[in-house]
Amino acid sequence: MTAYLVAVGIVALIYMLLTIGLNLQYGYTGLINFGVVAFFAIGAYTSALLTLHGWWLVPAFVVATILGALVAYPIGLLSLRLSDEYLAVVTLGFSEVVRIVIQQEEWLTKGVQGLPGIRRMFAFMGVGGYADVAILGVLVACNMAAIGLMLHLVRSPYGRLIQAIRDDEIAVEAMGKDPRRLKVQVFMLGAGIAGLAGAFYAHFITYLSPDQFLPLVTFYVWIAMIIGGTGRTTGAVAGSLLLLVFLEGSRFARDFVPGVSEVQMASVRLALVGLALILFTLYRPQGMMGSRK
Amino acid sequence: MTITLVDVVNLLINGSIDGLLIALPTLALTLVMGIARFPNAATGDYMTVSAYAGIGVQALGGASILLAGLGAIAAGAAISVVFYLWVFRALRGRAPVASLVASIGVAFFGRSMLTLFAGHDQHTFSIPLVRAWNFGGIRVLPTDLYVAGVALLVMLLLFALLHLTPIGRQMRAIADNPDLARACGIRSGRVLLALWATVGALCALGGMMFGIKAVVSPELGWELLIPAFAAMIVGGIGSPIGAVAGAVLLGIASELSVPLVGPSYKIAVAFVLLLLVLLLRPRGLFGKAIAAR
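In order, the protein sequences belong to chains A and B.
Under our numbering, residues 1 to 293 are what the first sequence spells out, in order.
Under our numbering, residues 1 to 293 are what the second sequence spells out, in order.
Don't read these hints as lab results, they were simulated from the structure.
Glycine residues also receive a C-beta, built at the ideal position from the N, C-alpha and C atoms.
It is possible that some hints are incorrect.
Claimed, not checked - Listed below are several chain A residues computed to face chain B (Cβ distance under 8 angstroms; list not exhaustive): (1) LEU82; (2) GLU85; (3) VAL89; (4) VAL90; (5) VAL97; (6) GLN104; (7) LEU108; (8) TRP222; (9) THR281.
Unchecked claim - Label pairs and their computed distance ranges (CB to CB): (10) A:LEU52 to B:ASP179: 36 to 42 angstroms; (11) A:LEU275 to B:VAL258: 36 to 42 angstroms; (12) B:ARG182 to A:VAL112: 50 to 56 angstroms; (13) A:PRO59 to B:LEU276: 32 to 38 angstroms; (14) B:THR124 to A:VAL112: 23 to 29 angstroms; (15) A:THR2 to B:LEU193: 54 to 60 angstroms; (16) A:GLY259 to B:GLY137: 54 to 60 angstroms; (17) B:LEU280 to A:ALA123: 33 to 39 angstroms; (18) B:CYS184 to A:TYR73: 43 to 49 angstroms; (19) B:ARG281 to A:HIS53: 38 to 44 angstroms; (20) B:ASP121 to A:PRO74: 36 to 42 angstroms; (21) A:GLY176 to B:ASP121: 58 to 64 angstroms.
This is chain B alone, in the form it adopts within the complex:
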């Protein structure tokens, strides 16, 4: 099989779309890492649970994808806030590893409840079927453009939240220097509630978009966790811009690798990219210079 320029363009387009979608959970990871200071391994399973909530809403209330999305966001924010209030709030004073181990527990618990009550079947969102546009061999699926557009819009909203609203400024203050933030009278309890609700909504939108693009299965989120971790480290931990850049870079890299190593090795490509960044530029593309301990 020879690879033509058209093929490469197709791969680049697909990779960018994948990357924009991975950017959503990556942003959720990097926000938690920056503000609550631990890698949240439950991120992927928040996505899965929300996507199932979306499927559930669609099964109940007709075919409106918008309603399904709202249901998913509500579910994602709710589960994220509930586990914060129950687990992560109590672990705040402890070493990050405590929250990390607990987040694995949260991930397993969430997924097990899902498979126990919703089964292991795959589901799809019912959306109108449309044919791919074809520009001289360059194929674009309107659905892909739609999910990528939503992802971009969500990112814009998130950056607006972080930079234009008081609560966003407070989040950034805590990320920057928790002690100074407290000394300035920022009440971290409220900020963290807002953080976890935002994180849940991000995961929900990520889960929905992946569900629309492909299928919803119990492993949906867990399989995206490693790419999202990799994207976060590639982009630089704690940097939202870096998360988006890292995710798009990762999406393109894994898509370009498909003709060479086959589609099954996407996670492996993400992993190799992660190792390369650790080797060459441990703080990532946009990370602050963090001294190794």
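Okay, chain A solo, but in the shape it has when bound:
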């Protein structure tokens, strides 16, 4: 039971990292990233492939983070010159393209067969038990660092500036600041955090395949952010924990309701994600805990 909770905690913390990245992009700056899973996938495959070619874990994690951020640069540059909705469309398209590339380029990613045998973090401590606790510890530290970074950013003059972009971009421009450059920077930062989350995922699950990176993952992260309340630092924490309760709960629900196949359960899960997106947008845009402004 403890082992199970630790494993669930690890996945929750990975989602938390993704949510923090998205919250920075959308919650604080207003950038609509519908391609979170693309940067997640890039980080996961980068780190997995590097370690399979004999790299150490730490440099592989660093490269995964940097690559996630670098890939975001041209995308941000191209679409952020235009209105916000362009970024949504472009990132959604990008996430599908990344998944197709992973499927097709078998020489690199082994395609739909998947990439097995990725080195686990803390493998020298065995599998499960203390190794998982160690992974959990590192993830807690990373999340705290990310939250700390975010709090620091948000309270700094830089943070006031990016929030001002969300609220009134023209006013920011009129004050002689360059909102586009700032937006690209924030977009890259969030994408880098997603890349790091991907590396953690790869070295915890130890097996990657393209169908782990469906657009649905992006919207899991969106749900986590929206439930927690966009633009709230604690929101990412609460939201991703609630998301995991939901995802794991839907798995257990099958034990209590007989005659439901896994395929049907997947449909129910998709329905609930869809409903949550609709209902929260309609009735609680401020999230579960936020107060109506």
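Use these hints to put chain B onto chain A, whose structure you have.
Same frame as chain A, but now just chain B:
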């Protein structure tokens, strides 16, 4: 493999037919973008649901493809109007991103209901099998000509609706300047109902035609969403002529790319074309000069 002139002509024909079919959801997207002012990510899943409705009608009432088409149109218009009344009408005063996020929810919800009750099986419309005509190596399938003909007819009807009827004139007025339209006494509620019914019918016809040309599967529409988004931006957002031109251009480009990169990369080709347009001509082929915010 050497590519002869005949091959190129074949690819051009196939590309144009594909493009004419993609034009239908693209028109639906661009109408919503121009009048309701958000990118409707549920467009693809409206297509899927309608195509399944068509399959259902055919399973119930014999083999008439015409009846199936009418059933699909009714289903498409109904689902589109229902979600307008429930979701998008309530979000009208809010930022476009609210409707955009909700439309993703609508897309997931629609698809999940479909897979829950209709399963994940692929279906085909039963149509008489006919052999391809062969003109010295240039092969044309009569079915393809039939679906392309229907698509062209639908476009003609849509342009007639937009330019020859009072409700079409009112739609264009709201697209042009909502405040002025209201000041002139145009009741936007009625116009938007007509808009969403039209959009649903367009999606339904697109779904049917793709279903006739290939197969009906739960992913049918979602996979066409990215190409349709790309076609809309290539043609210029809000321009119906541009939507058709963009879609045909996109269809031809993806078909011509098949000998070079294989059929799996069609979405990627659409995405690259989208990026090129954003880089070189952000307002698209026929778009009005929209200033970047």
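Here's how the hints hold up against the structure:
1. LEU82: holds, 5 angstroms
2. GLU85: holds, 5 angstroms
3. VAL89: holds, 5 angstroms
4. VAL90: Hint on VAL90 (chain A): holds, closest Cβ of chain B at ~7 angstroms, below 8 angstroms.
5. VAL97: Nearest chain B Cβ about 5 angstroms off; hint holds.
6. GLN104: holds, 5 angstroms
7. LEU108: Where the cut-off is 8 angstroms and the nearest Cβ of chain B is about 15 angstroms from LEU108 (chain A), the hint is violated.
8. TRP222: holds, 7 angstroms
9. THR281: holds, 4 angstroms
10. A:LEU52 to B:ASP179: 36 to 42 angstroms: Given range 36 to 42 angstroms: violated, Cβ gap about 60 angstroms.
11. A:LEU275 to B:VAL258: 36 to 42 angstroms: holds, 39 angstroms
12. B:ARG182 to A:VAL112: 50 to 56 angstroms: holds, 53 angstroms
13. A:PRO59 to B:LEU276: 32 to 38 angstroms: holds, 35 angstroms
14. B:THR124 to A:VAL112: 23 to 29 angstroms: Given range 23 to 29 angstroms: holds, Cβ gap about 24 angstroms.
15. A:THR2 to B:LEU193: 54 to 60 angstroms: holds, 57 angstroms
16. A:GLY259 to B:GLY137: 54 to 60 angstroms: Distance hint for GLY259 (chain A), GLY137 (chain B) holds at roughly 55 angstroms.
17. B:LEU280 to A:ALA123: 33 to 39 angstroms: violated, 49 angstroms
18. B:CYS184 to A:TYR73: 43 to 49 angstroms: holds, 46 angstroms
19. B:ARG281 to A:HIS53: 38 to 44 angstroms: About 41 angstroms separates the Cβ atoms of ARG281 (chain B) and HIS53 (chain A), which means 38 to 44 angstroms holds.
20. B:ASP121 to A:PRO74: 36 to 42 angstroms: holds, 40 angstroms
21. A:GLY176 to B:ASP121: 58 to 64 angstroms: holds, 60 angstroms
The earlier numbered hints that this structure contradicts are 7, 10 and 17.
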